[in-house]
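Student: Once you've looked at the hints, dock chain B against the given chain A.
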Amino acid sequence: MIWVWIAFAPILGGLAYGGERVLRARMQRRQGPPLLQPFYDMFKLLDKRTLIVHSPHALLAVAHFFILWFSIVAIFMGWNLLYIIFLHLFAQILLILAGYSVRSVYSHIGANRELLMLIAYEPILLLVAVGFYLESGSFEISEILQKGGYLTSMPLLFAALAMVIPIKVKKSPFDVGEAHQEIVGGVEIEYSGIFYEFLYMSRFLEYIFIYSFVFLFGGVSSWVGTVLVAGTFLAVNLVDNATARVKTADMLKIIYSIAMMLCIVNIAGIL
Amino acid sequence: MEMVLTLFLLPVVASLFLVLSPNVRVQYVLSGAVLALLSITAFSLYNSPNILTFHFPQTLNTFVVAADIVLLLFFLYQGKKYDSPKVIILAIVQLVLFLYIEHASPGHSAQVVIDGLTKFTMEYSPSSTNSAEIVVDELSKFMFLIINIVGGIIVLYSVRYMEDEPVSPLKKQLFIGALLVFLSVMNLIVCANSLMLFFFLFEMTTLASYVLIAFRNDETSRANALKALWMNQIGGVVILLGALIAIKGFETVMLDTLMQRSGGWVLLSIALLAMAALVKGASIPFEGWLLGAMVAPTPVSAMLHSATMVKIAPYLILRLAPVIGSTAVGGMISIIGSLVFVAASYLALSRSVFKEILGYSTVALLGLMMALAAIGTKESIMLAMALMLFHALSKALLFLSAGVLERVHHAKNIEEMKGMVSRSPKTVGFIIFGFMSLTLPPFGLFMGKMFAIASVASLLHERPLLLIVVLSLIVGSALLVLLYFKVASALLASSSDVLPSQATPLPLGFGIPLWLLAFLTVGMAGGYIMMQQKMSVMVLALPLIFVILLPVIVRSMNGYDRSQPYHCGEKESFDSALVYYKPSHYMQQAMYWSFGILFISVAIFGALS
Chain A
1 MIWVWIAFAP
11 ILGGLAYGGE
21 RVLRARMQRR
31 QGPPLLQPFY
41 DMFKLLDKRT
51 LIVHSPHALL
61 AVAHFFILWF
71 SIVAIFMGWN
81 LLYIIFLHLF
91 AQILLILAGY
101 SVRSVYSHIG
111 ANRELLMLIA
121 YEPILLLVAV
131 GFYLESGSFE
141 ISEILQKGGY
151 LTSMPLLFAA
161 LAMVIPIKVK
171 KSPFDVGEAH
181 QEIVGGVEIE
191 YSGIFYEFLY
201 MSRFLEYIFI
211 YSFVFLFGGV
221 SSWVGTVLVA
231 GTFLAVNLVD
241 NATARVKTAD
251 MLKIIYSIAM
261 MLCIVNIAGI
271 L
Chain B
272 MEMVLTLFLL
282 PVVASLFLVL
292 SPNVRVQYVL
302 SGAVLALLSI
312 TAFSLYNSPN
322 ILTFHFPQTL
332 NTFVVAADIV
342 LLLFFLYQGK
352 KYDSPKVIIL
362 AIVQLVLFLY
372 IEHASPGHSA
382 QVVIDGLTKF
392 TMEYSPSSTN
402 SAEIVVDELS
412 KFMFLIINIV
422 GGIIVLYSVR
432 YMEDEPVSPL
442 KKQLFIGALL
452 VFLSVMNLIV
462 CANSLMLFFF
472 LFEMTTLASY
482 VLIAFRNDET
492 SRANALKALW
502 MNQIGGVVIL
512 LGALIAIKGF
522 ETVMLDTLMQ
532 RSGGWVLLSI
542 ALLAMAALVK
552 GASIPFEGWL
562 LGAMVAPTPV
572 SAMLHSATMV
582 KIAPYLILRL
592 APVIGSTAVG
602 GMISIIGSLV
612 FVAASYLALS
622 RSVFKEILGY
632 STVALLGLMM
642 ALAAIGTKES
652 IMLAMALMLF
662 HALSKALLFL
672 SAGVLERVHH
682 AKNIEEMKGM
692 VSRSPKTVGF
702 IIFGFMSLTL
712 PPFGLFMGKM
722 FAIASVASLL
732 HERPLLLIVV
742 LSLIVGSALL
752 VLLYFKVASA
762 LLASSSDVLP
772 SQATPLPLGF
782 GIPLWLLAFL
792 TVGMAGGYIM
802 MQQKMSVMVL
812 ALPLIFVILL
822 PVIVRSMNGY
832 DRSQPYHCGE
842 KESFDSALVY
852 YKPSHYMQQA
862 MYWSFGILFI
872 SVAIFGALS
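Residue numbers (the working numbering), protein chains in the order written: chain A, 1 to 271; chain B, 272 to 880.
Okay, chain A solo, but in the shape it has when bound (with noise of 0.2 angstroms):
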């Protein structure tokens, strides 16, 4: 059954990506696209002439993808919070060192942000599991799902993940790595065809890898995670017609005053 979920991840995260287009359609008053949007642009996509710069810089967008689908499995199979958080650090260097092989301005200033953008939530992330390690006693995901109560031992880590998911799943105040106004797509901007898709499928994992941060919350209680889920999924949302994006610098510096504090405080605490 876990290996079902493992291989439509994917596709699980499409449909969170759907979803979360119609969600903000609706908050904005508009009609918005389908829910299978994403599945649609994907097909279109297998259609068009695939361009290549060079074939290093194609075939680490191709790792990045499975990598990051290499983390998720470790999630879905209850591994180490440690490794979990590492897989994934590496599956992003190699999407930054795609973004520097090329000769784009576009793409070094994306992967400039995207450097920035990982240390801004890596720090944050492995407090998290270093909270949940002082809880629950160990780093396993499926030992930390045995126990509960995590919210209330620990809401300022909480408070502190959801302030960096708006980072990971590139949504306002900090969807610098994006902003299509600015950077012309950043990264991904010199990809075509089967490799482009290869990256936007990473954006699908990238929704069930953030939270499922947000689900360990709900620890031996998935409908407490559900609901957990849920409720931060609906706030991102929020917060993102809200607001405007920020510069990334200030990003930076928000994220390590608050967040950080946020986390040193509720980990004292837990001492």
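Please note that the accuracy of each hint is not assured.
Claimed, not checked - Examples of chain A residues lying across from chain B (beta carbon under 7 angstroms, computed):
hint, residue
1, L15
2, S55
3, L59
4, F86
5, I96
6, S101
7, S104
8, L115
9, V130
10, E190
Everything labelled a hint here was simulated from the structure, so no lab data went into it. Ideal Cβ placement from N, Cα and C applies to all residues, glycine included.
Tutor: Using the frame of chain A, we list chain B on its own:
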């Protein structure tokens, strides 16, 4: 026994031969043979279980005392010659302290030596003959492994490197010879049990730093060499103070005897030694000397200032770990080390000279190793050792690659390295590999950092102050990722692969040492994963295998059409924009002062507890 002597003597003998042979081929063969012999010896020694001890004959002890006085007088002379009051004052302080200790130490009579080195009336009281001057234990054997394998590879590399150096052939040979002699000194220092012998060897490494930094003999080299000299002399002074307390309070200069004592000033004595480690490890505020050392020829930077000599710092903390582990002194060292890890990673972001960036990241990682070692649990000690090994391999690889870029492409600054991948794909490949081996799974250094997070987190409930270490580990690692891949952004950026390649081939003399280091990095990481005896760790290796295999699986990308990068209709030329982050002057000053206060507080904590 013979094996240890091989490690001590073979480099010296080889260096004599090397200095006498102007033929480059002979030099290659010699250094290759030395590398092979030393590695095999170190490796088989590592696999032998027993602890070896040596007593020094009296004449040898006298020789050490005499050599030490000569060395200190040489420092004094250098200080006078180049008009550096700091060097002069510190040399005088050291001389006074040294003579006083020799005078006070049981049985030693250093006066004799001053009287003209004629009458050797050395007597030894039983207390100093209890334990041996040289003790080769597990830790020493581990250090042998790092020193001889990595050091040997660097010597091999330096043969090719020196070919292009614009100096006389004799000076080139002396340079390589000096590196070899330095290997002997390093092999000795990691098993020196007598504090006075340790002090002598510590000063020898300071001398090596001084002479080799000043090798190019221009104004900056000289100034930086003097800076390295006086800063390291502070390390010498604190060792002497530690030894003085040991002699006065416990009538011993043997480290193992001292560490078994309790009460009195024993912790202060140990704390002073730990402070010497902070100086040698170029922890802030002493990082200036290591940064300045980057003007030296690259093999020097690789050997002394990254792979081997500065490893004395974590080594010394590891040696002292059983005593300081659960004390306030250990706590202070952990905190300083972990704060240095973050601060140095941050400061590195403001630099643009490639070797300086590597230097700062070395300072950072040495801080982390010291922090872990000072925690003193069995697990954290193992982690500090693993970090030391993998750091030596990765940093040697990076420094040697930096040397290739400097030699073949005349690029020292990362601003000059933009798009280097099309000119020197292999070297850039090694650099990117080096960066990945420092930050990503499944490489050893990454694994060490990850296990360290888990290990320190497990201690948090008992020792909440270690939260600082966890935080620094997490933030510092993120900053290092930013640092390395920022540099990568300059190196990469290649045009569409339909254009003809402009690559210059990598000379074999550079290629072989680099490949050796890369293989060792992979092999040792594999071994380290196997050692964990946890199947789940192995999954971390899968992504790398996938990335390596991907080009093989896909085979040919010729089926896809090529295009040029999109410029959105703009015509300006491409320039990879590097970002720099610099703390304000005020903040930097505040940082130096607070690190200075923390440094002194180590001694205060040692005195109070």
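Student: A separate judgement is required for each hint: does it hold in the structure or not?
Tutor: Taking the hints in turn, this is what the structure says about them:
1. L15: With Cβ-Cβ at 26 angstroms, over 7 angstroms, it is violated.
2. S55: holds (4 angstroms)
3. L59: Since chain B brings a Cβ to about 5 angstroms from A/L59, closer than 7 angstroms, the hint holds.
4. F86: Holds - the Cβ of A/F86 comes within 7 angstroms of chain B, reaching about 5 angstroms at its closest.
5. I96: holds (6 angstroms)
6. S101: holds (5 angstroms)
7. S104: For A/S104, the interface hint holds, since the closest Cβ of chain B sits about 4 angstroms away, which is under 7 angstroms.
8. L115: holds (6 angstroms)
9. V130: holds (5 angstroms)
10. E190: holds (6 angstroms)
In this structure, only the earlier hint numbered 1 is contradicted, and the remaining ones agree with it.
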